[in-house]
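Asks: Could you put together the complete structure from these sequences and hints?
Which chain is which? The protein sequence lines are A and B, in order. For the first sequence, our numbering gives the first residue as 1, with consecutive numbering after it. For the second sequence, our numbering gives the first residue as 1, with consecutive numbering after it.
If you are wondering where the hints come from, they were derived from the structure by calculation, not from laboratory data. None of the hints are false.
Lysine-lysine pairs mimicking DSSO-like chemistry, simulated, CA-CA at most 30 Å apart:
hint: 1; chain 1: A; residue 1: 62; chain 2: A; residue 2: 91
hint: 2; chain 1: B; residue 1: 231; chain 2: A; residue 2: 296
hint: 3; chain 1: A; residue 1: 397; chain 2: B; residue 2: 264
Here are the chains, one letter per residue:
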Amino acid sequence: MDTTIQTDLEVFRMETKAWLEANCPESMRTPVKKFEDIYGGGSEATFDNEDQKIWFERMRDKGWTAPAWPTSYGGAGLNKAEHKVLKEEIKKLGCRSALWSFGLTMLGPALLEFGNEAQKLEHLTRISRGEVWWCQGYSEPGAGSDLADLQTRAVDNGDHFLVSGQKVWTSYADKADWCFCLVRTNPEVPKHHGISFVLINMRQPSVEVRPIKLISGSSPFCETFFDETVVPKVNLVGGLNNGWTIAKYLLTHERSMIGGISEAGQQKLLSQIAIEMVGLEDGKLADPVLRTEVAKWLINGAGIKWSMERMTDEAKAGAPIGAKSSFFKYYATELNKDKFELMLSMGGFEGLQWGEDYLDGKLARDMCRTKGNSIEGGTSEVQLNIIAKRILNLPTK
Amino acid sequence: MNLVINEEQQMLKTSAKEFLKNRAPIEALRKLRDSKDPKGYDPQLWKEMAEMGWASLNIPEAYGGMDFGFVGFGQVLEEMGRTLVASPMVSTCLVGTSIINFGGNTMQKENFLPRIAEGSILLSLASEESNAHRPLKVSTQYSKTDDGYSISGKKVFVLDGNVADYFVVTTTDASNASANGITLFIVDAKSEGITIEKKIMMDSRNAAIVTFDNVKATEADLIGEEGKGKKTLEKALDIARIGLSAEMLGSMQEAFDRTISYLKERKQFGVVIGTFQSLQHRAAQMYCEIQLCKSLVIKSLQAIDTDSPMLPYMASMTKSKVGEVLQLITNEGIQLFGGIGMTDDEEIGFFMKRARVAQQTFGDYNYHLDRFARLSGF
Ligand SMILES: Cc1cc2nc3c(=O)[nH]c(=O)nc-3n(C[C@H](O)[C@H](O)[C@H](O)COP(=O)(O)OP(=O)(O)OC[C@H]3O[C@@H](n4cnc5c(N)ncnc54)[C@H](O)[C@@H]3O)c2cc1C
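Replies: In structure tokens form, the structure reads like this:
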């Protein structure tokens, strides 16, 4: 081939590909079996094996655990185009994610937007280096869909707050070093105006966590109790009583992310799975009703994928995504649930098995887990409320 | 490829919207219907549309066309769907032009395309024979004669058949019926042996039953080669399926917009009905479904423009989904308008009636779901 002029981006692509090929261990190029196979970091984290460790450390040193973050915070400072190239090359080679955590996907973006320089320097760097595990302390027993009704109090005590109250559904709080948390700093004003966003060190005696077992059999959630927990004021993000703004920003982010998950995890087309599990008769899926359902699912799957693409393109052209993230969240999570129902039905009797180990009974357990997709990050019903009010402008009263 | 329309396409869309709002609102369709108009469309309106170049958006410049591309053409179709314009656009431009353009020889292109572009002739595909869309099952036959061919058979649901100047007719070889090939002829509608029986459909448009009784055709009337018409037919149909889906997308958006407006204005129990959460959720779900349709339609229009090998899949995905959603939206429209929705005075019912005809045209939800699965190998 005649290689004369190459753009910088092409050079970057070639270098990236070469680097990944040289540095990603073979075993890290195989599909993950379960979510926990991806290294999450944190002070108590251990590696499953040597390859996982090598892969994480190499990516960390390259700044590619947080490729788009500035180098001063442990990222690689890639621009959008480069970041896209990196993602494409990682996908082509089938490399596993070297680090995945709430810190990277949720707190990071919020700090970049609302944090002060000291907070960014301290926390972003530790997140990108996989040194801390963060959990999200939003929901409370009395504040789920109506999140703004949260009652966990933060009382001003000079240079620090004293936080007391109970959080629930705190995913992975039992492993967490830190918690980004919504607390009430002013009970006198309308509920949305008295909330602050604070960073709480979980490693103190006044914090207690109790795991909750889920219908999938695993226990990634906890109840979290704070009893006069000390939170220095330097850990207040985005100003006093400004927490709801940050929470909304993050929720939008989280919704797009959950919306995107169903696609990211997809290694095989649903039709291929159906052919393998159910078989063909005269070139058609042996179960004609299932065949219709699978066809319909694939069309909807393509439809939501292209809708996300279209709305991203429209955003670049000046029409912000805003409340449309509720559409992604609602539709993609409902589709993901449908997909697992279809797979469980294709799986037949074998698919119903439920062994001691997660992998022995994976399909049934995974299917149970998908039921949470339309609850976490705001329920489907709440997303529909948002679409009705903010996109269609239907009146409240 | 970017999934946003460009400035030029947006301008075309805006001007189409303006023109149709003034010149062809639903009121115009009602008038055609109530006056029992023998043609079922307004020739003067069609002339004006052709003058603006709408009849030639998919005709190459060499044959007097605009060659605007289908993403742009789709914008006009969408706007036409919003006001439910009865016009020969689907029969003549989406199907007729596509068949001549992809299957015709230079002489045929020179003969037909400039006249279509001007709006001076109408074409119609005579393909359906059974009570549902089965374009590849053809029993209309042609046989060779001393001076050419003779065609006999009966075609149904021939769109605009009562006003067409030419029929593109699908046939099989009488001497070799088992070969399963399809042969396309273009014949003058006034040819001896053609009987046209006009049928008015529920959308107030016309579709005829056309009988061919030893109709003469010559070598020059043959489109492509004998027995090799399937590819052209399928391609033209796929384009028409996508184009019609763009029209249907316009109809669903308009019906939805009208429903949402009604939810904001009708009062019961002392409040506007749009405050009821059960209705809000139905509205929000419809919004989501429309978003999927929008994305499928623009992707498919792009697939035509880029001559994508995925065209058949795209056409079937899009036509099935858009048909399903249009049914939902038009039904919910009537339901949410309540009693008013059932009256002929209120226009929401027009959308439901047009929808049902458009849904079955070129294959309904079931047909395309099945075809999509087949094309995908399961
Ligand atoms: C897998 C999973 C992970 C999670 N991880 C975290 C986490 O890390 N951190 C965290 O803080 N929280 C987390 N959550 C909590 C989650 O955000 C809440 O469960 C969620 O917001 C719903 O609140 P709830 O459970 O109190 O349900 P409720 O709000 O009590 O809802 C019960 C039912 O009522 C419906 N409903 C409520 N209000 C309305 C309304 N206005 N209109 C119509 N219907 C309504 C709901 O849709 C639902 O069907 C997680 C949840 C799950 C399932």
